[in-house]
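Chains as they are written, first to last, in numbering that gives the first Met the number 0: chain A, 0 to 409; chain B, 0 to 82.
Source of the hints: derived by calculation from the structure; they are not laboratory data. These figures come from a predicted structure and were not determined experimentally. Where is the CB? At the ideal position from N, CA and C, for every residue including glycine. The hints are all genuine.
To be clear about the criterion: a stretch of chain A counts as covered by chain B if any three or more of its residues have a C-beta under 8 angstroms from a C-beta of chain B, and this derived list gives those stretches:
1) 58-71
2) 129-138
Straight line, CA to CA, 25 angstroms or less: simulated BS3-like cross-link-like pairs of lysine-lysine:
3) Lys11(B) <-> Lys55(B)
4) Lys55(B) <-> Lys77(B)
5) Lys11(B) <-> Lys66(A)
6) Lys65(B) <-> Lys77(B)
7) Lys65(B) <-> Lys55(B)
8) Lys66(A) <-> Lys65(B)
9) Lys11(B) <-> Lys77(B)
10) Lys77(B) <-> Lys123(A)
11) Lys123(A) <-> Lys11(B)
12) Lys55(B) <-> Lys123(A)
13) Lys65(B) <-> Lys11(B)
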Amino acid sequence: MTERRRVVVTGIGPVTPVGIGRPAFWEALVAGRSGIGQVTRFDASDLPVRIAGEVEDLDPTAFMDRKDARRTDRFVHLAAAAARLAWDDAGTPRAEPSRVAVVLSTGIGGLSTMIAQQRTLMEKGADRVSPFMVPALMPNAAAGQVAMDLGFTGPNTCITTACAAGAHAVGEGYRYVRDGLADVCLAGGSEAVITPLAMAGFAQMGALSRNPDPQRASRPFDAGRDGFVLSEAGCLLVLEEAGRAAARGATVYAEVAGYGASADAFHITQPEPQGAGAVAAMEAALADAGIAPEEVDHINAHGTSTALNDAAETRAIRKALGDHAGRVAVSSTKSMTGHTLGAAGAVEAAAAALAVNTGTVPPTINHETPDPECDLDYVPNEARRAEVRVALSNSFGFGGQNAVVALRRA
Amino acid sequence: MERQEVEERVRKVLAEQLAREPEEVTLEARFEEDLDADSLDLVEAVLALEEELGVKIPEEEMDGVKTVGQAVELVLAKQGQAA
Chain A
0 MTERRRVVVT GIGPVTPVGI GRPAFWEALV AGRSGIGQVT RFDASDLPVR
50 IAGEVEDLDP TAFMDRKDAR RTDRFVHLAA AAARLAWDDA GTPRAEPSRV
100 AVVLSTGIGG LSTMIAQQRT LMEKGADRVS PFMVPALMPN AAAGQVAMDL
150 GFTGPNTCIT TACAAGAHAV GEGYRYVRDG LADVCLAGGS EAVITPLAMA
200 GFAQMGALSR NPDPQRASRP FDAGRDGFVL SEAGCLLVLE EAGRAAARGA
250 TVYAEVAGYG ASADAFHITQ PEPQGAGAVA AMEAALADAG IAPEEVDHIN
300 AHGTSTALND AAETRAIRKA LGDHAGRVAV SSTKSMTGHT LGAAGAVEAA
350 AAALAVNTGT VPPTINHETP DPECDLDYVP NEARRAEVRV ALSNSFGFGG
400 QNAVVALRRA
Chain B
0 MERQEVEERV RKVLAEQLAR EPEEVTLEAR FEEDLDADSL DLVEAVLALE
50 EELGVKIPEE EMDGVKTVGQ AVELVLAKQG QAA
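Next up, chain A with everything else stripped away, as it sits in the complex (with noise of 0.2 angstroms):
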């Protein structure tokens, strides 16, 4: 068995719908503003959803080289922003190589690419597709592409688990760090399929919101829910050892105490309805942790908007912290942010360590209605000031693959 070391949260890149960068990310979320608005990158008046949460104002140049934004995908420009963001929150860390991780996780991969040549395909012919199709949607370029453009040449990888990709790379990114097979580890998701094609998808599956008010469609955990919102983003955290972050002197957010993952082993997209599989992630990074449910005193939900999740959710933090789960502030950031899938676990973690190191709460806005099947105390509309020693971040994808980080108080 090897030694357990300790892992510290020393940066924050996110670039999403509510913000870009730490400081816009967490006032946005802590002013319960909402990132959703109406499609602007295509015309979407055939469609049945119109909504979505659009990154707006990004230049990838302004993060990675002028050729390479050309060849690659938005979700690639995403993540090579968040990484810069990333690293240089955590004060661009001296480090060797090849002890720097980069778990980068998305649910998609290059989605519009493909879009794009497979009409490229039908209408001009086989000798026309790009050759730089393949490495551009493949869902491990963005992983390559950070490793490239700051030059990480330890472990590379790319976990493509839904709507828990995210959460799933920090918790790994975490091990590898914890374990010792990095010092550093830049872990975190992204994703980019606001398209006509992947919103027709996920609306004929039931999933997204019908509600045409941008800003209010996105409601967790209230009676009048109807489905989430479609977004993008890119997230990724700099998971550091703490001795090392120590000696530096570096801004630590928080620790991340724990992780747990599991399977519903159920349907490929309803969950468990008792949430049994959301109970086991939830209990396993409690028990990675060595953390006692009393000790939470806050979750970053997964929080969907859709009417299957949020019951299902709320059920399994009741069973997995029993009688201390009505004690817990539970905040959905979806209610801001909308969902962007793959990157979801991400930016939540990311949330979460920012709770912790702030003690603020972010509110889970659009909360009006109260639903008996979601009886918990969701942090409705306003953000709270509170003591925060532990939050734990939940995510659950399509696949049935749940996973759950622990942060607390370093």
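Given chain A, work out where chain B should sit, using these hints.
Here is chain B on its own, set in the frame of chain A:
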């Protein structure tokens, strides 16, 4: 199309495809050494040249093409064939 116009259009397309400043893309510029173009860049650049200039350039004929000037000659020769 006149030689000068072909030159201008080839240089413009290559500057865009290879993300270089237009003045860097001289006739003497070498793809690999001066313009940092790898094999995938060249395939993409040829697609763009074919599109922009309405010519067909078989992949094997790009093998000996190392400079922008040689690419211009190749396009001019292909245009002659098409005319």
